[in-house]
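Novice: Protein chains in written order, with this note's numbering: chain G, 1 to 346; chain L, 1 to 334.
To be clear, the hints were calculated from the coordinates, so they are not data collected in a lab.
For clarity, every value in this text was computed on a predicted model and none was experimentally measured.
All C-beta atoms, glycine included, are put in the ideal place defined by N, C-alpha and C.
Hints should not be assumed to be uniformly reliable.
[Claimed, not checked] Only part of the chain G face toward chain L is listed, based on derived beta-carbon distances under 7 Å:
(1) L56
(2) V58
(3) G90
(4) P97
(5) N105
(6) W131
(7) A133
(8) L134
(9) Y169
(10) H171
(11) V173
(12) S174
(13) F261
[As the list claims (entries may be wrong)] Sample of chain G residues lacking proximity to chain L, with all beta carbon distances greater than 12 Å (derived):
(14) G57
(15) Q113
(16) T317
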Amino acid sequence: MTDALLTISDLSLGFRGEAGFAHILDGVNLTMRPGEIMGLVGESGCGKTTLARAILGVLPRAALELRGGAIGFRGTDMLADGAAQAAIRGRRITFIPQDPFSSLNPVFTIGEQIDDLMKWKSPRRGEGGRWPALLAPYGRSRRAADRAAVIETLEAVQLPQPERLLRKYPHEVSGGQRQRLMIAMALLPEPDLIIADEPTTALDVTIQAQILGLLRRLASERGVAVMLTTHDLGSAWEICDAITVMYAGQDVEAAPVTEFFRAPAHPYTNKLLASLPDAEGGGAMTGIPGEVPDFLAPPPGCRFAPRCERASAACATRPAQTPRGPGHLVRCVHPVAAPVHAEAEA
Amino acid sequence: MRRIEIILSRLLWLIPTLVGLVVVVFFIANVVPTDPARIIAGENATTEQVEALRAELGFDRPLWEQLGIYVRDLATGNMGRSLYTQRPIADDLAHRLPATLELTFAAIIIAIGLGIPLGVVSAVKRNSLTDQVLRVLSVSGLAIASFWLAMELQMLFSTRWGLTPLNGRISGFGPDEITGFFVLDSLLTWDMESLGGALLHLLLPAVTLALPAAATILRFTRAGVLEVINSNFVLYETAMGLPRGLIIWKYVLRNALISTVTQIGLIFGVLFSGAVVVEAVFDWPGLGTYAVQSILQSDNKAILGFTILVGVVFIVVNLIVDILHTFIDPRTLK
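The shape of chain G in the complex, shown without the other chains (with noise of 0.2 Å):
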């Protein structure tokens, strides 16, 4: 696994509130390859999130609760040492946000935000002296080829008018300007992988298709990863390379797309796919019967046994990764053996 660009292992973690400790992350795996397009997989609330922002290092740090387990970008320890990690995020991992409309400062020019990003983050930024963060110099040759890349970028991402556009305030353009905005920031410090989380949520169904289309291909053509969260496998499926599916926590299933789609084994996996509406039409959409399970009081061992039809005494140990076909690894005792949905498909 030398090859590997981020590495998560064994990763647990929670929060500490009145009513408990809520245990969010219970030892979760995931690997990924330079330039891969990964989507995480799960419903609302399994987790996703809480894992893009540990990798961000962005957690609550009063309530968090670190129980075990590494997260490993590039052979640093992120979870170890704070200072790799600080000067990792915003240059060697991006972020894209869920909501494009309150992620940007109301009260500055989308202009000085980006000035602001590339002065800290650029990727021609130098080991810069020990200035306080409000006096720190930004010289003039590289605020000129920063200006450059940013002007280029936001016309990779198709923002029109890139200079007019650096003077408006956020509340002057439309919201899928603004996600266009988000990926071109996303872009600008030439990261190696690049953190979506769910970026089309919030907009609307018709501009969806458009910014993940856009950015899959400006990540292929920069050879950028992206970690793309999601609970619509539609959009996993379009723009993928690899996906991982959370449930309540706990990764169960991870494959190829192509694989994954043709041969889920993970039983969560197989009511997920099937609960999608067919691409003809037909065909009843099917809900899992039962609930996510309290965070305060997990059930042991595999966390969708309580819901699952083949679930056994066994399943109150947690499974280690099997391997099922080239990266496909899944988490269950019981695996689906037959390709249900291929089947079904043909």
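Given chain G's structure and the hints, the job is docking chain L onto it.
Specialist: Just chain L now, kept in the frame of chain G:
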């Protein structure tokens, strides 16, 4: 609306506001059952003499007619004559206005300089020991009576340690008068001796006036920062790795200041009118002492002039606040 449109519409609103202010203040001043003519005429005057004086001063006319005359005169900058100093009230006020404005400006600068940074620190380190101490201090700052604080400061700094003058605005002649603001005038004439004297005299009264204001600004800034600090754009800026200092002191603070600036505008007005007590304790030759004298003398027109001036200052400061808002929060220009 564009910025210029906002400013023009606010300026247009000034006219009805000022008219309303003058009418209300005029009638309130005349409700008070005093008889200025009798006071001026003195104890030994006969009724005929008082009546004659009353007719001469125009006090025998109907109230609405007096108001008409007053407004007509006011439009030309004439506020009538003070019964006490025998000088035009407008001149008296203009002569004393710089002293009070200088004191108020000094106080508001101290209050902002203390209140905003401490408010930010208090919010960022919320529930820490620093925060608790600051919150206790800010409650005390609001609770302390200013005349008591003034006298305590005088006893410590002037009487015991001899560091600052006890009262007054300057020792000696002061700088050559250009604007009437001693600090500004000494800078303009490069008169360092006067500058030092003016600043030393200013220190205690300004601090006395500033502390409760600083406490209010601290609380508003703290609340403003707390309101903003958990918003999505702060999460985004943090996730993109911008330095904490930049996020707090630039991106969060500007948002938090939107409500604080409104508050600072109100506080300025309160300080300006509230300088009365502090001026009295420190013998500061400003509008406050003039107002106190006028009230003691039942000098109605002087009180009227003072009240209108305070009202105008309030209106002007609010106009400035509205304009500042368009710079701090571009969404007002939508």
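Novice: The structure should be examined with respect to each hint, and the outcome stated for every one.
Specialist: These are the hints, each one checked on the structure:
1. L56: Given a least distance of 5 Å, the restraint on L56(G) holds.
2. V58: With Cβ-Cβ at 5 Å, under 7 Å, it holds.
3. G90: At 3 Å from the nearest chain L Cβ, G90(G) passes the 7 Å test, so the hint holds.
4. P97: 5 Å, holds
5. N105: 5 Å, holds
6. W131: 9 Å, violated
7. A133: 3 Å, holds
8. L134: 6 Å, holds
9. Y169: Since chain L brings a Cβ to about 5 Å from Y169(G), closer than 7 Å, the hint holds.
10. H171: 6 Å, holds
11. V173: Since chain L brings no Cβ nearer than about 13 Å to V173(G), farther than 7 Å, the hint is violated.
12. S174: Constraint on S174(G) not satisfied, violated at 15 Å.
13. F261: 31 Å, violated
14. G57: 8 Å, violated
15. Q113: At roughly 8 Å from the nearest Cβ of chain L, Q113(G) sits no farther out than 12 Å, so the non-interface label is violated.
16. T317: Holds, because the least Cβ-Cβ distance between T317(G) and chain L comes to about 36 Å, which exceeds 12 Å.
Against the hints set out earlier in the document, violations occur for numbers 6, 11, 12, 13, 14, 15.
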